[in-house]
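Q: Chains U and C are the protein sequences, given in the same order.
Position in the first sequence (first residue = 1) + 18 = this note's numbering.
Position in the second sequence (first residue = 1) + 18 = this note's numbering.
Hints are not guaranteed to be accurate.
[Said to hold, decoys possible] Label pairs and their calculated CB-CB ranges: (1) Glu131/C / Ser127/U: 41 to 51 Å; (2) Glu20/C / Arg52/U: 34 to 44 Å; (3) Glu20/C / Ser127/U: 36 to 46 Å; (4) Glu122/C / Val108/U: 19 to 29 Å; (5) Asp88/U / Asp88/C: 43 to 53 Å; (6) Ala109/U / Val108/C: 39 to 49 Å; (7) Lys32/U / Ala92/C: 31 to 41 Å; (8) Arg104/C / Arg90/U: 24 to 34 Å; (9) Arg100/U / Gly130/C: 21 to 31 Å; (10) Gly130/C / Ala84/U: 40 to 50 Å; (11) Arg90/U / Gly68/C: 16 to 26 Å; (12) Glu67/U / Val108/C: 18 to 28 Å.
No lab work stands behind these hints: they were computed from the structure.
Backbone N, C-alpha and C define an ideal beta-carbon position, used for all residues, glycine too.
Number of protein chains: 2
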Amino acid sequence: MERKLVIAVRGDLKLSHGKLAAQVAHAAVSCALRSQKHDRRKFRDWFDEGQRKITVRVPDEAALHALQADARAAGLTTALVRDAGRTELVAGTVTCLGLGPAGEAELDSLTGELSLL
Amino acid sequence: MERKLVIAVRGDLKLSHGKLAAQVAHAAVSCALRSQKHDRRKFRDWFDEGQRKITVRVPDEAALHALQADARAAGLTTALVRDAGRTELVAGTVTCLGLGPAGEAELDSLTGELSLL
Chain U
19 MERKLVIAVR
29 GDLKLSHGKL
39 AAQVAHAAVS
49 CALRSQKHDR
59 RKFRDWFDEG
69 QRKITVRVPD
79 EAALHALQAD
89 ARAAGLTTAL
99 VRDAGRTELV
109 AGTVTCLGLG
119 PAGEAELDSL
129 TGELSLL
Chain C
19 MERKLVIAVR
29 GDLKLSHGKL
39 AAQVAHAAVS
49 CALRSQKHDR
59 RKFRDWFDEG
69 QRKITVRVPD
79 EAALHALQAD
89 ARAAGLTTAL
99 VRDAGRTELV
109 AGTVTCLGLG
119 PAGEAELDSL
129 TGELSLL
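Construct the complete structure from the given sequences, taking the supplied hints into account.
A: Here you go:
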């Protein structure tokens, strides 16, 4: 079973490509480092398989928080990203959520219905 | 002096937002993990300062390779990303390059003239 890391992004924010990419990267780095510390086996498998990442869209901030709560309840690593507010956004704006790395089936039960970004 | 991680992206590829973000995230995770292993002090400082990331644009693949050569000569951590080719791109397509983390001045001497993504 292949591992992946899913990054869910708010679809209701207007972000430049570069800003969006930096936020997604922030979520991915945070999830990778957390899982390296707390779930080393999953981290190692995911990394060795090529560190697969999928980006999906959620409608708004409330959906991100709900997704994080469900993911935590399922025992997954999560990382909610708040922008530092230096450029396009008000400081503290929640932009995206990293989930995993974890097995495909485990993540699909939480994010499988969401559209790709 | 604040640290940052720069991700340079090819401007000549047509990528969806989500695909682009995943490629940038790949570069960021690779640079973070490499620097954690080989340049722990810089990694730690960068992470503790909020893991700042900047995305910039280069015209084409040749520019990415040239930038990587210059960065290596300057002793920086680099990570060149090749897409796995499962979706939008031909397998092995070089998409972006992560540089650092390193100090602002050190990176600006290499990438300061490039446009933000």
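Q: All the hints need checking, so say for each whether the structure fits it.
A: Hints, verified against the model:
1. The beta-carbon spacing between Glu131/C and Ser127/U, approximately 47 Å, falls within the hinted interval of 41 to 51 Å.
2. At about 23 Å, the beta-carbon gap between Glu20/C and Arg52/U misses the expected band of 34 to 44 Å.
3. Separated by about 40 Å at the C-beta atoms, Glu20/C and Ser127/U satisfy the suggested range of 36 to 46 Å.
4. Distance hint check for Glu122/C and Val108/U: the Cβ-Cβ separation is about 24 Å, which falls inside the suggested range of 19 to 29 Å.
5. As the Cβ distance of Asp88/U to Asp88/C is approximately 45 Å, the hint placing it in 43 to 53 Å holds.
6. At roughly 40 Å, the beta-carbon separation of Ala109/U and Val108/C lies within the given 39 to 49 Å, and the hint holds.
7. Distance hint for Lys32/U and Ala92/C: a CB-CB separation of about 36 Å, consistent with the stated range 31 to 41 Å.
8. A hinted range of 24 to 34 Å holds for the C-beta pair Arg104/C and Arg90/U, which are about 29 Å apart.
9. Separated by about 27 Å at the C-beta atoms, Arg100/U and Gly130/C satisfy the suggested range of 21 to 31 Å.
10. Between Gly130/C and Ala84/U the beta carbons are some 41 Å apart, a value that agrees with the proposed interval 40 to 50 Å.
11. Between Arg90/U and Gly68/C the beta carbon distance is about 23 Å. The supplied range of 16 to 26 Å therefore holds.
12. Hint check: Glu67/U to Val108/C, Cβ distance near 21 Å, so the stated range 18 to 28 Å holds.
Hint 2 from the list above is the single one not met by this structure.
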